[in-house]
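Letter by letter, the chains look like this.
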Amino acid sequence: MSKIDFHIIKKLDPFTLDVRCGFDNGVLVVRGESGAGKTTLLHCIAGLRAPESGVIEIDGDVVFKRDAESAGKAAQIDKPARARGLGYLFQSYALFPNMTVEQNVLYGIRNKPEYKNRALRKEMLDYADYIMEIFGIAGLRKKLPATISGGEKQRAALSRAIVTKPKLLLLDEPFSALDEETKAIIYSEFGQFKERFQIPTILITHNDAEGRMFGDHRIHMKAGVIV
Amino acid sequence: MNFSPIVLSLKIASVATIFSFLLGNFFAYIINKKNIPGKNIWETVLIMPMILPPSVMGYLLLVAFGKRGPIGSFLLEHFGVQVVFTWVGAVIAACVVSLPLMYQNVKAAFVSADPIYEQAARTLGSSEWRIFRTVTFPLAWPGVISGVALAFARALGEFGATLMIAGNIPGKTQTIPTAIYFAVEAGRTETANTLVLIMTIFSFALIFGLNAWLKKKNYYH
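Top line first, the protein sequences correspond to chains A and B.
Reading the first sequence from the start, the letters are residues 1 to 227 in our numbering.
Reading the second sequence from the start, the letters are residues 1001 to 1221 in our numbering.
Some hints here could point you the wrong way.
When the alpha-carbon atoms are kept at most 16 Å apart in a straight line, the in silico EDC-like pairs for lysine to aspartate or glutamate are as follows [what the hints assert, rightly or not]:
1) A:K79 x B:E1128
2) A:K142 x A:E123
3) A:K194 x A:D216
4) A:K183 x A:D216
5) A:K112 x B:E1128
6) A:K165 x A:E123
Selected chain B positions facing chain A (in silico; Cβ < 8 Å) [to be verified]:
7) I1051
8) S1055
9) V1056
10) I1116
11) T1123
12) S1126
13) R1130
14) F1132
15) P1138
16) P1142
None of these hints come from the bench; they were simulated from the model.
Glycine residues also receive a C-beta, built at the ideal position from the N, C-alpha and C atoms.
Start from the sequences and build out the full structure, keeping to the hints where you can.
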């Protein structure tokens, strides 16, 4: 059972993001209009931006902590993004354009110290093969991202995010760039993926239907706060 | 026909481009990706050689690298290296004038790259050095190659500052541009014409080839 807790305070223009939330397992859906601070929230959790104050705890591991009194000073705890062990799916997928699909998927694995160990490396590569197989991108290994479709990019980016076995998965509007036909297929695949992998997930969307379909827990944000 | 100015020019421009490449990448990275203090001043100093008259650059280099200059005396005393009127001086002049072109191209490539790729690499557990090697630099590569080509062309064509710091010693410091100038002055039109033709063909081929390559090298389409 993993537990995710966060309280994030960050000054934005023209409001202050102030979100306190926690959930056990499942998918937390964060809904809200554009500009409500949803992506900033994910960036703060991932370690790509630092909150002014707050605390972020992932599965018993405090990755960020700065008291309100210490705002503007160094944080008590601030693990860099690379050490947080999270999976992040960007809205535009952010597949490295200079690398093939396979190189993209293996990128995170190659950063792990275990990759240097031969036996563990074999295990990790086998797992990556398995992931690429079930996401239906095994045949695209040698292709560059610019040459594959939107749905394939989405699957490749999701594979890349989960192949490292993250403790928490952050999905920033993962379906918004897909056309309606692809979206229907990906929705069904995502439902299966959710059941199969059971990774605690924060899913950002401005689509109510997606929220109802995938959310085990739901919050709605407006101008930086939960409403 | 004496080929030594051609050989020497290629040697000087190549060495200068290597240094210009290393310095250009280093400064473009730390000035635009890291928050170093006084970045505007660093940048201005780097770009100055592009707009200063070559004679001013040559004079400044002569003052700095002369036997009694602050850098020249240090190099002579500790390493036994004399800069003025040697090919090393020509390399320094070519490097200083080509550095702004290298810097501007690499900077444009770094700044225009979408930071989302670096962010993605961070969430995937990558160190900053690996991000630079595998993401930032490869994506900036076409800009870096433009910088290398233009810096090399500029280093090859350097005249004013080179003449002041390295002089025009045949076989030792005489490059194509200085050889052309002195050939014209001495009325050796045939030599001047040959060298001018070589420079023109080379510059045309370089820019033409570069543009063709850059059109092909686009990851995003």
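Checked hints:
The suggested pairing of A:K79 with B:E1128 holds, with an alpha-carbon distance near 14 Å, which does not exceed 16 Å. Annotation: proposed proximity of A:K142 to A:E123 is violated, straight-line Cα distance about 21 Å (limit 16 Å). Our distance criterion of 16 Å between C-alpha atoms is met by A:K194 and A:D216, whose separation comes to about 11 Å. Distance restraint check for A:K183 and A:D216: the Cα-Cα separation of roughly 20 Å exceeds the 16 Å cut-off, and the hinted pair is therefore not satisfied.
For the hint pairing A:K112 with B:E1128, the CA-to-CA distance comes to about 14 Å; that is within 16 Å, so the pair holds. A hinted pair counts as satisfied when its Cα atoms are at most 16 Å apart, and A:K165 with A:E123 qualifies at roughly 13 Å. This hint is violated: B:I1051 has a C-beta 34 Å from the nearest C-beta of chain A, more than the 8 Å allowed. Interface hint at B:S1055: violated, since its Cβ lies 43 Å from the closest Cβ of chain A, which is beyond the 8 Å cut-off.
Because the beta carbon of B:V1056 sits about 41 Å from the nearest beta carbon in chain A, more than 8 Å, this interface hint is broken. For B:I1116, the interface hint holds, the least distance from its beta-carbon to any beta-carbon of chain A being 5 Å, beneath 8 Å. Checking B:T1123 against chain A by beta carbon gives a least distance of about 4 Å; that is within 8 Å, so the hint holds. Look at B:S1126: its Cβ gets to within about 5 Å of chain A, closer than 8 Å, so that hint holds up.
Taking 8 Å as the C-beta contact cut-off toward chain A, the hint placing B:R1130 at the interface holds, the least distance being around 7 Å. This hint is violated: B:F1132 has a C-beta 13 Å from the nearest C-beta of chain A, more than the 8 Å allowed. A least Cβ separation of about 4 Å between B:P1138 and chain A falls short of the 8 Å threshold, and the interface hint therefore holds. Checking B:P1142 against chain A by beta carbon gives a least distance of about 11 Å; that is not within 8 Å, so the hint is violated.
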